[in-house]
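K.L.:
Chain by chain, the residues:
8 protein chains.
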Amino acid sequence: MTRETILQMLEGVRSGELSTADALTQLAKLPYEDAGFAKIDHHRSLRLGLPEVIYAAGKTPAQVAGIFERMAAAGGDVLATRASAEAFAAVHEVEPRATYHETARVIGMRQQPHVAGVGPIAVVCAGTSDLPVAEEAAVVAEYLGLEVHRVVDVGVAGLHRILSQREVLATARAVIVCAGMEGALPSVVGGLVAAPVIAVPTSVGYGASFGGVAALLGMLNSCSPNVTVVNIDNGFGAAYVAAMIVRSGDRKS
Amino acid sequence: MTRETILQMLEGVRSGELSTADALTQLAKLPYEDAGFAKIDHHRSLRLGLPEVIYAAGKTPAQVAGIFERMAAAGGDVLATRASAEAFAAVHEVEPRATYHETARVIGMRQQPHVAGVGPIAVVCAGTSDLPVAEEAAVVAEYLGLEVHRVVDVGVAGLHRILSQREVLATARAVIVCAGMEGALPSVVGGLVAAPVIAVPTSVGYGASFGGVAALLGMLNSCSPNVTVVNIDNGFGAAYVAAMIVRSGDRKS
Amino acid sequence: MTRETILQMLEGVRSGELSTADALTQLAKLPYEDAGFAKIDHHRSLRLGLPEVIYAAGKTPAQVAGIFERMAAAGGDVLATRASAEAFAAVHEVEPRATYHETARVIGMRQQPHVAGVGPIAVVCAGTSDLPVAEEAAVVAEYLGLEVHRVVDVGVAGLHRILSQREVLATARAVIVCAGMEGALPSVVGGLVAAPVIAVPTSVGYGASFGGVAALLGMLNSCSPNVTVVNIDNGFGAAYVAAMIVRSGDRKS
Amino acid sequence: MTRETILQMLEGVRSGELSTADALTQLAKLPYEDAGFAKIDHHRSLRLGLPEVIYAAGKTPAQVAGIFERMAAAGGDVLATRASAEAFAAVHEVEPRATYHETARVIGMRQQPHVAGVGPIAVVCAGTSDLPVAEEAAVVAEYLGLEVHRVVDVGVAGLHRILSQREVLATARAVIVCAGMEGALPSVVGGLVAAPVIAVPTSVGYGASFGGVAALLGMLNSCSPNVTVVNIDNGFGAAYVAAMIVRSGDRKS
Amino acid sequence: MTRETILQMLEGVRSGELSTADALTQLAKLPYEDAGFAKIDHHRSLRLGLPEVIYAAGKTPAQVAGIFERMAAAGGDVLATRASAEAFAAVHEVEPRATYHETARVIGMRQQPHVAGVGPIAVVCAGTSDLPVAEEAAVVAEYLGLEVHRVVDVGVAGLHRILSQREVLATARAVIVCAGMEGALPSVVGGLVAAPVIAVPTSVGYGASFGGVAALLGMLNSCSPNVTVVNIDNGFGAAYVAAMIVRSGDRKS
Amino acid sequence: MTRETILQMLEGVRSGELSTADALTQLAKLPYEDAGFAKIDHHRSLRLGLPEVIYAAGKTPAQVAGIFERMAAAGGDVLATRASAEAFAAVHEVEPRATYHETARVIGMRQQPHVAGVGPIAVVCAGTSDLPVAEEAAVVAEYLGLEVHRVVDVGVAGLHRILSQREVLATARAVIVCAGMEGALPSVVGGLVAAPVIAVPTSVGYGASFGGVAALLGMLNSCSPNVTVVNIDNGFGAAYVAAMIVRSGDRKS
Amino acid sequence: MTRETILQMLEGVRSGELSTADALTQLAKLPYEDAGFAKIDHHRSLRLGLPEVIYAAGKTPAQVAGIFERMAAAGGDVLATRASAEAFAAVHEVEPRATYHETARVIGMRQQPHVAGVGPIAVVCAGTSDLPVAEEAAVVAEYLGLEVHRVVDVGVAGLHRILSQREVLATARAVIVCAGMEGALPSVVGGLVAAPVIAVPTSVGYGASFGGVAALLGMLNSCSPNVTVVNIDNGFGAAYVAAMIVRSGDRKS
Amino acid sequence: MTRETILQMLEGVRSGELSTADALTQLAKLPYEDAGFAKIDHHRSLRLGLPEVIYAAGKTPAQVAGIFERMAAAGGDVLATRASAEAFAAVHEVEPRATYHETARVIGMRQQPHVAGVGPIAVVCAGTSDLPVAEEAAVVAEYLGLEVHRVVDVGVAGLHRILSQREVLATARAVIVCAGMEGALPSVVGGLVAAPVIAVPTSVGYGASFGGVAALLGMLNSCSPNVTVVNIDNGFGAAYVAAMIVRSGDRKS
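Protein chains in written order, with the UniProt record's numbering: chain A, 1 to 253; chain B, 1 to 253; chain C, 1 to 253; chain D, 1 to 253; chain E, 1 to 253; chain F, 1 to 253; chain G, 1 to 253; chain H, 1 to 253.
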């Protein structure tokens with residue numbers, strides 16, 4: 001039942017063709033999406049200008065390319081995360097404007113105008129092995145319209161490295177911290193900034209790191225109260241939350 | 001080494017009483033907190049106006065009262081979380097202005113002026129058993145200066161209840177969602193709002209809820225990308241993050 | 001917005017007092033529960049005649065009694081599960097017609113007429129220590145209107161006991177099996193009947209039973225494909241599902 | 001010892017050729033299956049008309065084809081689950097009437113007459129990644145004689161999609177819900193229907209989804225009491241239970 | 001249907017009072033226990049002379065005493081494990097001949113003649129904290145008719161203590177080893193003897209001993225291939241298995 | 001220090017060439033293996049006639065062949081478990097008398113005379129997928145000199161199959177039961193026999209079977225007290241324990 | 001067989017009273033402890049001067065006092081860890097010289113001369129809740145003869161506090177770090193010192209700290225390679241290892 | 001801000017070109033590494049002469065070679081752990097002086113003079129499967145300048161093997177013990193020596209060894225108080241800690 005069919009029904013009531021009782025019966029069955037629900041959903045994506053996102057893991061290159069092409073046709077920005085080089089080759093064939101961010105394993109294509117300097121946020125990572133997750137966060141955040149400062153290789157066993165980056169961190173409106181192994185970096189960063197810290201445990205480590213569980217538990221038990229946590233290796237989610245935080249603040253003013 | 005002792009040293013250099021080489025030696029040993037580090041820490045608490053917080057669990061009523069009194073003497077707002085009625089009785093004796101929020105198990109005392117209408121945020125909870133955690137979040141958020149809208153008893157098994165609260169949710173700049181059992185509510189709320197959602201798993205449940213682990217895992221695996229997670233029953237942390245999000249936005253404008 | 005306010009609005013359209021555009025605007029905001037949603041919810045409880053249920057664990061006797069009294073006032077059947085003798089004492093004071101099922105830890109009160117012989121179902125338990133959970137299932141099922149056959153103390157280490165009960169099991173339209181320790185009984189029962197088996201792991205056991213986890217895993221991995229599982233000690237849930245199964249079948253005919 | 005040999009023995013007693021003591025000795029050794037036990041087993045499969053099922057995972061294509069051929073020779077319907085394309089190629093060579101359901105990874109062959117419109121049931125899945133498990137459930141259910149309504153891609157982060165399917169769900173006599181990640185969909189569906197919900201956790205997800213454990217725990221802790229759970233990815237078991245539920249109801253009338 | 005009723009039926013056939021067809025029908029319904037099954041069960045307990053055993057944990061003193069009295073009336077030996085001093089007081093009132101083994105938490109009463117020197121077996125424990133479990137094993141084994149050699153306080157951090165007991169170990173036909181913490185003792189003992197070793201993890205320890213799980217895992221992964229494992233703290237089960245081993249050997253000769 | 005060097009030393013003392021103080025010093029350093037320790041070790045293998053065993057998993061075919069050849073040269077029986085067909089090809093080249101037991105993945109070679117009819121024991125398995133583990137147990141047990149009765153495909157969902165094998169089970173002096181999934185078979189078998197039952201959880205299953213953990217926990221929590229457990233898939237260990245049990249009994253007579 | 005009895009035997013050989021063959025037989029049976037083994041054990045405690053230690057948890061005050069008295073009679077230092085005030089009261093009655101260290105829950109008594117300034121070591125703790133474990137480590141270390149520097153309340157969320165203690169840490173020959181929650185402090189301290197760091201996870205925390213497991217995993221996965229770990233709350237073990245490290249170094253020079 | 005810029009600033013103050021207030025402002029921003037922090041870091045590596053270490057797992061041969069070459073250019077010793085033969089081939093091409101330790105999977109190159117006989121330490125391993133981890137520890141320890149005694153294949157099921165090595169163990173200033181399966185060896189070794197024992201759980205085992213978790217838990221719960229633990233398979237970390245222990249001792253004298 002679209003806006004048009006409801007109007008038609010109301011016109012029927014007005015004209016007397018439809019009894020109010022029959023109209024009531026029709027309204028009682030009104031599917032929820034017609035009652036404005038789906039519109040809100042739509043409004044949200046329009047208002048936020050968020051790109052469409054494909055989770056490429058477990059999809060064939062052909063499937064990724066097919067979905068990418070269809071989404072791109074809608075005119076918005078398009079992203080594919082966890083995308084292999086093969087997936088990019090397939091996408092590139094149908095969408096030559098698409099770019100591949102290799103470390104981040106992200107395919108992106110911008111079709112919308114881009115406002116500079118929103119944010120900024122910082123994306124911090126403990127070691128070079130955490131880079132793929134950190135880059136997924138950073139690249140996605142940039143496609144979501146944020147200005148991103150990258151701070152890499154600042155593990156807690158060498159505090160001077162993170163301490164020397166305090167000024168960059170201080171300007172960030174949200175800080176994403178990616179760390180594997182013991183996952184201690186978000187606690188340290190959380191003590192240095194007055195902004196929300198989004199901690200991303202990575203599956204980097206071996207033995208009793210249990211594929212990121214040690215880092216995840218470390219972050220959930222952080223002694224810095226400004227730390228929240230997303231799923232293991234979920235760079236995309238961290239970027240999305242950071243965008244929400246920045247937009248939530250911008251919306252107000 | 002305080003600001004004064006550094007100035008004194010520089011004066012010595014200026015007057016020629018102290019050689020530059022000796023001054024350099026003194027500076028090389030400069031404890032970090034003296035080099036502005038502790039000041040930043042101080043600046044942050046001053047700028048944010050955050051109250052001092054006591055984690056009362058595992059402390060005797062006398063200990064809580066003692067710390068509370070000392071903190072109150074500093075002139076700022078004071079909070080004690082996870083505080084028993086006995087702890088409040090002890091606090092009340094030394095600080096008659098302190099208030100006890102029973103459901104939230106929070107003792108609070110305001111000494112600073114309070115700006116109305118900051119935020120607002122929403123605190124949502126799935127069932128009445130989640131109320132203590134939700135109230136901890138709500139009361140702490142209020143002491144942190146935020147305007148809080150409470151939305152209670154909106155479990156996912158009766159969707160109409162949460163759907164009827166969409167307008168309240170839409171105005172929130174951050175949404176705290178407390179849920180035990182399967183922890184599904186943050187995913188549903190996350191789909192309804194365009195703001196960051198801070199999910200708080202509660203230890204409510206039995207059997208395979210494993211004291212909140214089921215809810216925690218559910219929230220970490222949320223299909224709504226705007227969801228982040230804090231520790232089980234950590235209402236205080238959720239409120240703190242929400243305050244950081246709101247202040248991070250306000251700082252910009 | 002109730003049925004009446006919608007009718008009023010439609011009358012306004014019919015009479016010309018309200019434009020169709022304004023009516024459309026009002027409808028777009030229509031809260032979901034008003035659009036028939038809550039009614040369905042209501043229809044369901046009416047059609048099924050299910051009693052209201054209080055989860056008494058973690059509530060004070062006074063709270064249980066208060067809720068019980070309020071629910072009883074609505075005229076339907078009322079149940080409280082996981083209720084202590086103290087809770088019953090408090091309920092009994094306000095509702096002398098309430099009954100306490102001690103082993104099942106259930107307080108019940110019937111106010112609706114009861115149809116005999118619906119079902120039947122069977123409730124089976126492995127050992128006498130599983131009896132509280134089995135009785136919770138059996139008593140709740142009876143309040144939900146089912147005829148219940150109890151089969152107790154039929155552990156798999158003495159097969160002749162369960163084999164001698166095959167005729168009772170064969171008549172059941174659903175079989176609830178409660179077992180702790182290794183949780184093997186549902187698999188054995190599942191091989192004996194041509195009905196759905198609802199397995200309830202109990203927290204009975206010690207050491208590596210991990211409070212029912214061993215039984216839970218055993219049941220999830222059952223080699224009998226007609227076995228489904230509910231949470232540890234969740235006798236109430238098993239009874240509810242059994243009622244759904246029986247009603248689902250009755251609805252059809 | 002078959003029915004005939006027992007009769008023979010009794011005739012011997014009657015004619016005096018066999019003493020009652022010797023007959024007693026023979027009876028004391030009577031294997032259980034001869035005493036009617038195996039017959040019940042047989043009766044069940046005959047009465048229910050259930051097909052024979054091969055679990056193809058871990059078997060070579062040749063083994064699957066060999067078992068398939070042998071079972072097909074018995075004249076009933078035959079199913080193989082978790083079957084690869086290679087397994088189907090081998091089966092197809094010996095049984096050209098066999099069909100391959102690719103997404104469901106099921107090979108099936110019908111030899112028995114089929115009654116239309118039994119049930120119906122609904123098979124619901126949260127995302128496209130859950131489709132293989134959902135299709136296994138749907139295809140198996142169809143071979144078990146049920147009418148199946150498929151409802152796909154109705155995750156809880158976009159409630160309007162599941163809400164728009166309420167009428168389809170309302171007609172189902174059992175609802176199978178497949179979901180990975182946080183596993184919240186069964187709770188939401190459970191609140192919308194008055195039928196038993198069989199929840200199937202899928203291994204879809206990453207990080208702290210632990211191969212389906214997060215979804216499994218979510219479902220076991222569902223706040224909707226009409227939800228029961230089967231093993232991770234166990235679409236076959238869910239279909240089997242649904243068939244049992246429908247037949248249990250039909251048997252009665 | 002007892003032996004007598006079957007004989008009666010056969011006599012009926014012989015005399016012609018009962019047709020063979022009717023006799024066949026009666027036999028087809030023959031409950032399994034009547035077909036010799038229960039007798040085997042009975043034979044076993046008679047042949048082995050095993051006492052009746054009550055698991056007293058979770059039972060009231062009155063319940064333990066009631067069951068104890070009923071079992072004692074049957075004339076066999078009676079045991080109650082995990083029994084408190086209160087339970088013994090209640091038992092003693094109804095059965096003054098009962099004895100309480102305090103460390104083992106076992107109540108026992110012998111009514112059957114006892115053959116000396118069966119076995120022998122050894123019961124070994126690592127530390128004094130493991131004594132309650134070791135004593136449960138030793139006392140139960142003695143009531144099961146075995147001669148028991150106790151070897152206490154022989155932890156692996158002081159090898160000379162266990163090495164000095166090699167001769168006692170060498171004569172044992174089965175060795176029960178109780179150990180908490182790292183559970184290493186069974187591996188060491190297993191290397192010293194040519195007999196089966198029954199390992200009993202105890203819940204002794206703290207922190208990462210996880211209530212006996214560390215010891216359990218250590219024992220399951222023993223590098224000595226003659227080690228098998230029973231549940232945490234299951235001294236009773238270890239004694240029972242040891243009795244089975246000894247009787248299995250004696251039966252042969 | 002061999003027997004000879006000790007004698008030599010004592011001769012030196014006797015002849016006066018060596019002072020008693022010097023002799024004492026030498027003796028204080030006496031390595032333990034010389035003091036009879038290693039001899040016991042040696043005696044044990046001689047007395048038991050146990051073959052040498054190679055754990056082939058993780059070794060190259062060449063390594064397996066090399067060790068096999070060296071062990072065979074000592075004249076005893078030789079076994080290699082978890083051996084691939086490639087490993088056998090390599091062994092066969094250097095030892096043409098070696099045999100490959102394909103399902104069991106065992107390479108064996110007998111060089112010692114073999115006594116028939118020792119035991120017997122029974123090896124039982126729940127499903128055909130458990131066969132590799134059961135065959136490892138059976139083949140190893142045969143090389144350890146035992147007579148083995150195999151009982152296959154007797155899952156608990158079809159009790160008549162295991163019940164029809166009761167006579168075979170009754171003669172066994174030890175019963176090895178291999179089962180995956182819920183691991184319920186040892187409990188059922190344990191109730192049918194008066195012998196020790198060695199339960200082997202197998203890694204057969206999927207989802208919440210967690211590679212055999214569900215079966216392991218089920219077996220540890222068995223309600224049949226004559227059940228002990230070895231590690232997941234440890235068919236070798238079960239056979240070894242069974243041999244120990246049989247020999248322990250034989251030793252006595 | 002003591003040193004004296006061996007000498008006696010050798011004298012017998014020398015004098016010809018004992019044949020060398022008989023002497024050899026006696027030696028072959030030589031219990032291990034007699035061959036110098038126990039002496040080494042004894043030497044070690046003498047050389048190291050380590051006090052005797054009682055683990056008081058799970059022992060009654062009377063038991064603790066009894067063991068304490070007996071040990072004190074031997075003339076060495078005596079320690080009891082995890083001791084309650086009640087246990088101290090009982091000890092104090094029999095040994096008035098004993099001291100109670102309340103926070104550390106340690107009862108100690110020195111009877112041996114004490115060398116000052118051995119070490120030193122540092123004992124660091126993250127928060128005031130970790131103090132009991134840190135004090136157990138510090139007090140035990142002092143009784144083991146070490147000089148201890150305490151550094152308290154230096155959590156990683158306020159780096160300036162730990163940084164200001166760098167000089168104290170730099171002089172330590174071993175550093176014990178006690179931390180609960182995320183357990184990040186040892187990694188940070190490990191980066192600041194060139195000495196071995198012994199990390200002690202504490203059970204401080206709530207929710208997903210799982211009684212110290214989160215801290216334990218964090219420490220095992222430390223990015224500082226000079227970190228080793230002891231059991232949760234094991235302050236005693238950490239002190240013991242620290243003493244071993246210091247003595248191992250001192251022994252060399 | 002380098003040493004030079006600070007001197008320049010102080011000269012400005014001295015000459016009057018810079019006011020003391022401005023100088024104070026500059027100093028307040030002073031990055032921490034300039035204040036001597038980084039120097040300490042540098043001093044530490046210089047003083048200890050520790051080689052640079054590359055963790056090669058997850059890096060391409062080209063990446064390993066590139067980093068190796070760059071580090072070697074600095075003139076110190078260089079190590080790469082977890083390095084494949086392919087990685088060595090690539091390193092060898094750019095640094096022909098590099099050596100490959102195959103079992104240890106370590107590439108090393110010495111450029112610094114080496115002092116003999118530091119330590120010594122012992123590296124002990126339980127079985128041949130633990131050799132790769134033990135060799136990683138031994139080889140790394142040698143590059144760190146220690147003398148290493150290797151003790152291999154001394155599992156606890158054959159105590160005479162470890163007992164015969166007591167003299168070698170007694171001379172070690174630290175003992176590294178690598179063991180998989182039940183991880184019992186460190187407890188046994190800990191009882192034999194008066195030095196710190198560093199336990200390394202290995203991932204050797206199957207089934208319930210859970211990739212080294214069983215060994216890890218066993219070691220954390222060791223009854224020998226001189227045992228500390230590092231991560232699973234972390235031979236490098238164990239060697240590093242051993243070097244710290246030896247240097248900590250040497251530093252003192």
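There may be inaccurate statements among the hints.
Per the computed footprint, the stretches of chain B lying under chain A, defined by three or more beta-carbons under 8 Å from a beta-carbon of chain A, are [said to hold, decoys possible]:
id : stretch
1  : 195-203
2  : 207-213
Computed beta-carbon distance windows for the label pairs [claimed, not checked]:
id : chain 1 : residue 1 : chain 2 : residue 2 : range
3  : C       : ALA73     : B       : ALA57     : 35 to 43 Å
4  : A       : GLY66     : C       : ALA21     : 35 to 43 Å
5  : H       : ARG70     : G       : GLN111    : 39 to 47 Å
6  : F       : ALA116    : G       : ASP22     : 39 to 47 Å
7  : G       : ASP153    : H       : ARG70     : 37 to 45 Å
8  : B       : ALA57     : H       : GLU69     : 30 to 38 Å
9  : G       : ALA57     : A       : GLY58     : 28 to 36 Å
10 : E       : ALA85     : G       : ALA57     : 46 to 54 Å
11 : H       : HIS114    : E       : PRO120    : 56 to 64 Å
12 : F       : ALA116    : E       : ALA73     : 31 to 39 Å
No lab work stands behind these hints: they were computed from the structure.
Just so it is clear, the structure is predicted and the values come from calculations on it, not from any experiment.
Beta carbons are placed, not taken as given, at the ideal position from N, Cα and C, and that holds for glycine.
K.L.:
Each hint needs a verdict: does it hold in this structure or not?
P.N.:
Against the structure, the hints:
1. 195-203: holds (count 3)
2. 207-213: violated (count 0)
3. C:ALA73 <-> B:ALA57: 35 to 43 Å: The hinted range 35 to 43 Å holds for ALA73 of chain C and ALA57 of chain B, with Cβ atoms some 40 Å apart.
4. A:GLY66 <-> C:ALA21: 35 to 43 Å: holds (41 Å)
5. H:ARG70 <-> G:GLN111: 39 to 47 Å: Given range 39 to 47 Å: violated, Cβ gap about 59 Å.
6. F:ALA116 <-> G:ASP22: 39 to 47 Å: holds (44 Å)
7. G:ASP153 <-> H:ARG70: 37 to 45 Å: With Cβ atoms ~41 Å apart, the hint holds.
8. B:ALA57 <-> H:GLU69: 30 to 38 Å: violated (55 Å)
9. G:ALA57 <-> A:GLY58: 28 to 36 Å: Because 51 Å falls outside the window, the suggested range is violated.
10. E:ALA85 <-> G:ALA57: 46 to 54 Å: violated (22 Å)
11. H:HIS114 <-> E:PRO120: 56 to 64 Å: holds (60 Å)
12. F:ALA116 <-> E:ALA73: 31 to 39 Å: violated (48 Å)
Hints 2, 5, 8, 9, 10 and 12 from the earlier list are contradicted by this structure; the remaining hints agree with it.
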